[in-house]
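Enquirer: Build the full structure now, drawing on both the sequences and the hints.
What follows is the residue order along each chain.
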Amino acid sequence: MGIITILWEKWREFVRDFSRITLAAMIAPLMYLIVFGWGIRTTMNGQPYLYFLIPGVISLTTMNGSFNAIAQNLNVQRLYEKAFDQVIISPTPLWQFIAGQIIAGALRGIYAGGIILLLVLPVRTGLHFNLLSFFILFLNGAVFSSMGIVVSFLARNHADVPRFSNYFIMPMAYLCNTFFSTDNIPRGAREFIAALPLSQTSRMVRAIASGQPPVLTGIPLLFLYLSLFTAAALFFVYKKKNL
Amino acid sequence: MIGLIHLTRLFEGHAAVDSISLTIGSGEFFGLLGPNGAGKTTTISMLSTLLLPTSGEIRIDGERLTRSRQDLKRKISVITQEYSMRQDMDMDEIMEYQGRLYFLPVRQIRSRTEELFRFAGLTEHRHKTVRKLSGGMKRRLMVCRALLTEPEILLLDEPTAGMDAISRRQMWGLLRRLNEQGLTILLTTHYMEEAQSLCHRVALMHDGRLEDVDTPAHLIEKLGAFAVDELHTEGIRSRYFSRREEAIRCLSGLQGTCTLRDTTLEDVFVERSGRHLI
Numbered sequence: 001m002g003i004i005t006i007l008w009e010k011w012r013e014f015v016r017d018f019s020r021i022t023l024a025a026m027i028a029p030l031m032y033l034i035v036f037g038w039g040i041r042t043t044m045n046g047q048p049y050l051y052f053l054i055p056g057v058i059s060l061t062t063m064n065g066s067f068n069a070i071a072q073n074l075n076v077q078r079l080y081e082k083a084f085d086q087v088i089i090s091p092t093p094l095w096q097f098i099a100g101q102i103i104a105g106a107l108r109g110i111y112a113g114g115i116i117l118l119l120v121l122p123v124r125t126g127l128h129f130n131l132l133s134f135f136i137l138f139l140n141g142a143v144f145s146s147m148g149i150v151v152s153f154l155a156r157n158h159a160d161v162p163r164f165s166n167y168f169i170m171p172m173a174y175l176c177n178t179f180f181s182t183d184n185i186p187r188g189a190r191e192f193i194a195a196l197p198l199s200q201t202s203r204m205v206r207a208i209a210s211g212q213p214p215v216l217t218g219i220p221l222l223f224l225y226l227s228l229f230t231a232a233a234l235f236f237v238y239k240k241k242n243l
Numbered sequence: 001m002i003g004l005i006h007l008t009r010l011f012e013g014h015a016a017v018d019s020i021s022l023t024i025g026s027g028e029f030f031g032l033l034g035p036n037g038a039g040k041t042t043t044i045s046m047l048s049t050l051l052l053p054t055s056g057e058i059r060i061d062g063e064r065l066t067r068s069r070q071d072l073k074r075k076i077s078v079i080t081q082e083y084s085m086r087q088d089m090d091m092d093e094i095m096e097y098q099g100r101l102y103f104l105p106v107r108q109i110r111s112r113t114e115e116l117f118r119f120a121g122l123t124e125h126r127h128k129t130v131r132k133l134s135g136g137m138k139r140r141l142m143v144c145r146a147l148l149t150e151p152e153i154l155l156l157d158e159p160t161a162g163m164d165a166i167s168r169r170q171m172w173g174l175l176r177r178l179n180e181q182g183l184t185i186l187l188t189t190h191y192m193e194e195a196q197s198l199c200h201r202v203a204l205m206h207d208g209r210l211e212d213v214d215t216p217a218h219l220i221e222k223l224g225a226f227a228v229d230e231l232h233t234e235g236i237r238s239r240y241f242s243r244r245e246e247a248i249r250c251l252s253g254l255q256g257t258c259t260l261r262d263t264t265l266e267d268v269f270v271e272r273s274g275r276h277l278i
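Top to bottom, those sequences are chains A and B.
With my numbering, the residue at position 37 of the first sequence is 37, and numbering never jumps.
With my numbering, the residue at position 82 of the second sequence is 82, and numbering never jumps.
Hints are computed from structural coordinates only; laboratory data are not their basis.
Just a few of them, taken from the derived set where beta-carbon distance is under 8 angstroms, the chain B residues facing chain A:
#  : residue
1  : S48
2  : T49
3  : R67
4  : Q70
5  : K73
6  : E82
7  : S84
8  : R86
9  : Q87
10 : E93
11 : Y97
12 : Q98
13 : L101
14 : Y102
15 : F103
Calculated pairs, BS3-like style, for lysine-lysine (alpha carbon to alpha carbon, straight line, at most 27 angstroms):
#  : chain 1 : residue 1 : chain 2 : residue 2
16 : A       : K240      : A       : K10
17 : B       : K132      : A       : K82
18 : B       : K75       : A       : K239
19 : B       : K138      : B       : K128
20 : B       : K132      : A       : K10
21 : A       : K10       : A       : K82
22 : A       : K82       : B       : K138
23 : A       : K82       : B       : K75
24 : A       : K239      : A       : K82
25 : A       : K239      : A       : K10
26 : B       : K138      : A       : K10
27 : B       : K128      : A       : K10
28 : A       : K82       : B       : K128
29 : B       : K75       : A       : K240
Idealized CB from N, CA, C, for every residue including glycine.
Expert: Here it is, written out as structure tokens:
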């Protein structure tokens, strides 16, 4: 099955670049935790701010891990290496290629988030992460992988992916319920930002972590984002006349 | 059998390929010839589904080729003009990835890879990543990759571009052997000598259109099998004759440096397109 082929390809890439991938996944989130969590010692709702920060940073790490694993790589394969041509030419159904990329990207996101979780393990925070948390993080990774595919198909040159990252991914990383609650954002912008996939993920993962019942309406919303980006990716691979 | 029916591809209103209709028989060695910008690569790209036609269609064994026709795509292998390989993979990985994309069992991929690497003289380099390979080795790897899936149709876009004379001859020998085994081959080339030596039939393309489709021998015959070159200060002027006696008669009436020779496919092309190819 084509999905297995793509997972195999991504696995080989992961093994080959293990240290680079692992370090890249760790640096930025670790800095956030050190600077905002341990460095600026503050509290939020009577709790150390670090407790609020950890679920948000893990969510944003899965977002970055998934998006970066797919968008830049696929862009290079398409525009520079032309390796993507071989996929188009081959009999592997293109929907399976897309599905494989989404799953592989989501797994890379989970891996990146898992590293951060392991790093904060020695800090006794009392935060809980269960199967539902990981499912939500996986879904978040899948959303951003599918977004990565679309961005890589839209990109006209190598600079376009980092540019998109600067305009969309980075603002989301800071604004979407990661470093502070979206409740603090002025009305109008608040509703918009709260509906973004990372806001939903952070909110649900944080609720589970602090032992509160999560509002699971975010899950269908994440599926909606996933469906939209996947449909766009499928449109590109099947209908775009010039890939 | 490959059928192109009124195949057209527009780029911003300009027809890179303009309503081409052509049939290529099973087991045929067919050449698409033309200067840069004639539409050869665009045609190959549509045959490999990398580009979709603006209008018209491609039929493989009577069935319409689209990106979702896995059964038809299984029959085709393509050697593109560019290297089209992941730079960070080694040769074994390139072959395994290709085999998996074509749903070949891993055991079969590995045994066939052994065979092809031995044949192409790549065995000792198999653990090198693509970025560390020379241009010639990358070309050979692309041939191995294309043959791994045992295709019925092989599309080659300028397969010998950038190769030295010896490697080019080796490639010709290989392509000839593959064709003798029944493989249908469609190649584009700038090298007229290559087309004349290998192809059963050739199509002359210019500005996206097919100007003529025939055997190299017939095309040469139509122009005149004998050429007389007359050296002028502004270049060489060639005249063509069907019979040797006519050519000799012409030669005897000329002054200055003149030569008599056999007409080549390049002469045909230069006469048709009005400019040199190489």
